[in-house]
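Student: Here the protein sequences line up with chains L and E, keeping their order.
Following this note's numbering, the numbering of the first sequence begins with 37 at its first residue and continues without gaps.
Following this note's numbering, the numbering of the second sequence begins with 7 at its first residue and continues without gaps.
It should be emphasised that the hints constitute simulated quantities derived from the structure, not laboratory data.
Even glycine gets a Cβ: it sits at the ideal position worked out from N, Cα and C.
One thing to keep in mind: the hints can contain errors.
[Said to hold, decoys possible] Listed next, with one range per pair, are the computed distances between beta-carbon atoms:
hint	chain 1	residue 1	chain 2	residue 2	range
1	L	Asp312	E	Ser133	18 to 26 Å
2	E	Met42	L	Lys62	47 to 55 Å
3	L	Tyr170	E	Lys141	30 to 38 Å
4	E	Lys160	L	Lys369	30 to 38 Å
5	E	Lys113	L	Asp49	32 to 40 Å
6	E	Lys113	L	Thr402	32 to 40 Å
7	E	Lys160	L	Gln58	39 to 47 Å
8	L	Glu281	E	Gly22	54 to 62 Å
[As the list claims (entries may be wrong)] Heads up, simulated BS3-like pairs for lysine-lysine below, C-alpha to C-alpha not over 30 Å straight-line:
hint	chain 1	residue 1	chain 2	residue 2
9	L	Lys167	L	Lys247
10	L	Lys247	E	Lys141
11	E	Lys113	L	Lys389
12	E	Lys113	L	Lys397
13	E	Lys38	E	Lys135
14	L	Lys373	E	Lys38
15	L	Lys62	L	Lys397
16	L	Lys369	L	Lys55
17	E	Lys74	L	Lys62
18	L	Lys262	L	Lys310
19	E	Lys113	L	Lys247
20	E	Lys141	L	Lys369
21	L	Lys167	L	Lys185
22	E	Lys36	E	Lys74
23	L	Lys389	E	Lys141
24	L	Lys62	L	Lys389
25	L	Lys247	L	Lys373
26	E	Lys36	E	Lys113
27	L	Lys397	L	Lys262
28	E	Lys160	E	Lys38
29	E	Lys141	L	Lys397
30	L	Lys404	L	Lys247
31	L	Lys369	E	Lys113
32	E	Lys141	L	Lys62
33	L	Lys369	E	Lys135
34	E	Lys135	L	Lys247
35	L	Lys373	E	Lys72
36	E	Lys36	L	Lys247
[As the list claims (entries may be wrong)] One-sided and incomplete, this derived list gives chain L residues near chain E with beta-carbon spacing under 8 Å:
hint	residue
37	Ser293
38	Gly294
39	Thr296
40	Pro361
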Amino acid sequence: MVRRIDRDQQRFDKIIKGKVRQQLRKYINHGEMIGRKGRETVSIPVPNIEIPHFQHGEKGSGGVGQGEGEVGQPIGRGKGDGDGPGQAGNERGQHIREVELTLEELADMLGEALELPRIEPKGEDALTSKKDRYTSIRPTGPDSLRHFKRTYKRALRRMIATNNYDPQDPFIVPTKDDERFRSWKTVTEPHTNAAVIYMMDVSGSMTDVQKEIVRTEAFWIDTWLKRQYDGIERRYIVHDAVAHEVDEDTFYRIRESGGTRISSAYRAADHIIKRDFPPSLWNIYCFQFSDGDNWGEDNSDCIENLKQNLFPICNLFCYGQVRSPYGSGDFIKELRKVEEEFGNLILSEIDDKEAIYGSIKTFLGTGK
Amino acid sequence: MTVLNQLNHELIQLVGFHSASPRTVTLAAKGKIEVMLDFTSVDTMSCSFQEVRVNVPALTQATFDKLKEWGQKLCQRITYLLENIGPLEYDEDAAQVLIRSTPPDQKPDGTRFYEVILSSHANGNFSLKRFESQKGQPGRTQVDLQVTHEVLRKLVEDLVNTVP
Chain L
37 MVRRIDRDQQ RFDKIIKGKV RQQLRKYINH GEMIGRKGRE TVSIPVPNIE
87 IPHFQHGEKG SGGVGQGEGE VGQPIGRGKG DGDGPGQAGN ERGQHIREVE
137 LTLEELADML GEALELPRIE PKGEDALTSK KDRYTSIRPT GPDSLRHFKR
187 TYKRALRRMI ATNNYDPQDP FIVPTKDDER FRSWKTVTEP HTNAAVIYMM
237 DVSGSMTDVQ KEIVRTEAFW IDTWLKRQYD GIERRYIVHD AVAHEVDEDT
287 FYRIRESGGT RISSAYRAAD HIIKRDFPPS LWNIYCFQFS DGDNWGEDNS
337 DCIENLKQNL FPICNLFCYG QVRSPYGSGD FIKELRKVEE EFGNLILSEI
387 DDKEAIYGSI KTFLGTGK
Chain E
7 MTVLNQLNHE LIQLVGFHSA SPRTVTLAAK GKIEVMLDFT SVDTMSCSFQ
57 EVRVNVPALT QATFDKLKEW GQKLCQRITY LLENIGPLEY DEDAAQVLIR
107 STPPDQKPDG TRFYEVILSS HANGNFSLKR FESQKGQPGR TQVDLQVTHE
157 VLRKLVEDLV NTVP
């Protein structure tokens, strides 16, 4: 039976989630929740919800109730008119409440808001993983796994069978033989996995603002893909004139002052895929972000590399061109020339934070 | 004849010139340094040009440190254009230094900035251009640099004097 407080809590959660849903675009564009990301949940600041409540008046200021007096006689005379000490404030009160949402809930909200189709994984569920399932019972085991109900039932049955059970005094004492414990079996499950490779240009022309945009967009892409696949492996590549594989933290914080050779990132991505993710077993996603200011002669190398190595094996190859203080470079124009030829190439121009929402929809709206 | 005298002479000759296809003027300085200007328009007080290039044979295959030193000197000396310039990218493999306006001129409809590329490929090379980028459109368009004769003289003088 559901307790009333649980029902109220569920209703309150529903209201809070409704608030988050309403303002999801703001949260997506401004990345407010990313700094509050925990292991499986995200804390989100939402405006406080005013709940009506009773308040005691001042002592002796009167009130409504039964007591002396005639019908129609005015009650609760107020104090005289006049201003109190000090001035009224002119700012709105700030009430912020933090609510916790799971990443799955966030992903569902994102999918709903952007009308994202479910992803259809390519190929068979070729990978397997081992999981422990508590499906059986055995007479020995640790106390933490003791099955209370079964233990009680066995003890009750034994006491009834041995005429030791008194319904007037239903006292059950289990013995060691009565004890039963939960036990697990290790099962292998086939499932689909995805490898996500993020590439970012960290040359001198990419400032912290551009990197923040990339970080926000990558967070949402991650959240959505995690919801769609059982297992996700991520790899991060940064490049200026040379590419390096780095960890997630370095990916978002590093800044270099070298030139820009995008082809170096493609070579690194190809190397990682060949090393770790056989394309027949993995759904491969590449997300690349740059201001598009590539050294001119490198463009043809990039296109060649993409055609030969990455386009044929990727579910999606997404390129986001982030506008830097020096504008948006020419690289996206080169990719537009081959866009029609390769259906898995998705291009997006991200002028500022406000464009993140549309860009995510462009990248993930294909359902691939 | 000094490089400034040559420039003065060319500017006088070109007064009244205006064309979409630029006219290239080459000035010779000591140390076989060549300064090339692609003029598109010249009047008695000012001029516009597409690009300034400087060839420095002495810097052929120069070390990357020498190129960096040149870039730093240029950024310190050239402070009289519409925006200050500063080094943005050092590409040691390509032996190139990219210098741009810092910060660029940001307008609501787009951005304008100077771009200098120094390289030591064939010769030591300097190239100065100006670009414009429209908001919402990828890519950038080269636009003319417009300066008074006085500023141009100072620019050419600084370019020659900062060569390491």
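Student: Does each hint hold? Answer for all of them.
Tutor: Hint-by-hint comparison with the structure:
1. L/Asp312 / E/Ser133: 18 to 26 Å: violated (43 Å)
2. E/Met42 / L/Lys62: 47 to 55 Å: Distance hint for E/Met42, L/Lys62 holds at roughly 53 Å.
3. L/Tyr170 / E/Lys141: 30 to 38 Å: violated (59 Å)
4. E/Lys160 / L/Lys369: 30 to 38 Å: holds (37 Å)
5. E/Lys113 / L/Asp49: 32 to 40 Å: violated (47 Å)
6. E/Lys113 / L/Thr402: 32 to 40 Å: holds (35 Å)
7. E/Lys160 / L/Gln58: 39 to 47 Å: This hint is violated: roughly 59 Å between Cβ atoms.
8. L/Glu281 / E/Gly22: 54 to 62 Å: holds (60 Å)
9. L/Lys167 / L/Lys247: violated (38 Å)
10. L/Lys247 / E/Lys141: Given pair L/Lys247, E/Lys141 holds - Cα atoms ~19 Å apart, limit 30 Å.
11. E/Lys113 / L/Lys389: Status holds; Cα separation ~18 Å.
12. E/Lys113 / L/Lys397: Within the cut-off at roughly 29 Å; holds.
13. E/Lys38 / E/Lys135: holds (23 Å)
14. L/Lys373 / E/Lys38: With Cα atoms ~43 Å apart, L/Lys373 and E/Lys38 exceed 30 Å; violated.
15. L/Lys62 / L/Lys397: holds (15 Å)
16. L/Lys369 / L/Lys55: Given that 30 Å is the threshold and the Cα spacing comes to 40 Å, the pair is violated.
17. E/Lys74 / L/Lys62: Roughly 44 Å between the alpha carbons, so the hint for E/Lys74 and L/Lys62 is violated.
18. L/Lys262 / L/Lys310: Holds, because 22 Å separates the two Cα atoms, which is no more than 30 Å.
19. E/Lys113 / L/Lys247: holds (22 Å)
20. E/Lys141 / L/Lys369: Roughly 15 Å between the alpha carbons, so the hint for E/Lys141 and L/Lys369 holds.
21. L/Lys167 / L/Lys185: holds (25 Å)
22. E/Lys36 / E/Lys74: holds (22 Å)
23. L/Lys389 / E/Lys141: Judged against 30 Å, a Cα distance of about 14 Å means the pair holds.
24. L/Lys62 / L/Lys389: holds (10 Å)
25. L/Lys247 / L/Lys373: Cα-Cα ~27 Å, so holds.
26. E/Lys36 / E/Lys113: Distance ~41 Å between E/Lys36 and E/Lys113 Cα, so the pair is violated.
27. L/Lys397 / L/Lys262: holds (16 Å)
28. E/Lys160 / E/Lys38: Measuring from Cα to Cα gives roughly 20 Å; hence the hint holds.
29. E/Lys141 / L/Lys397: holds (21 Å)
30. L/Lys404 / L/Lys247: Holds, at roughly 26 Å.
31. L/Lys369 / E/Lys113: holds (23 Å)
32. E/Lys141 / L/Lys62: holds (22 Å)
33. L/Lys369 / E/Lys135: Within the cut-off at roughly 21 Å; holds.
34. E/Lys135 / L/Lys247: holds (27 Å)
35. L/Lys373 / E/Lys72: violated (39 Å)
36. E/Lys36 / L/Lys247: violated (46 Å)
37. Ser293: holds (6 Å)
38. Gly294: Constraint on L/Gly294 satisfied, holds at 6 Å.
39. Thr296: L/Thr296 check passes; min Cβ-Cβ to chain E is 7 Å, inside 8 Å.
40. Pro361: Holds: closest Cβ of chain E sits about 5 Å from L/Pro361, inside 8 Å.
Going through the hint list in order, the structure does not satisfy hints 1, 3, 5, 7, 9, 14, 16, 17, 26, 35, 36.
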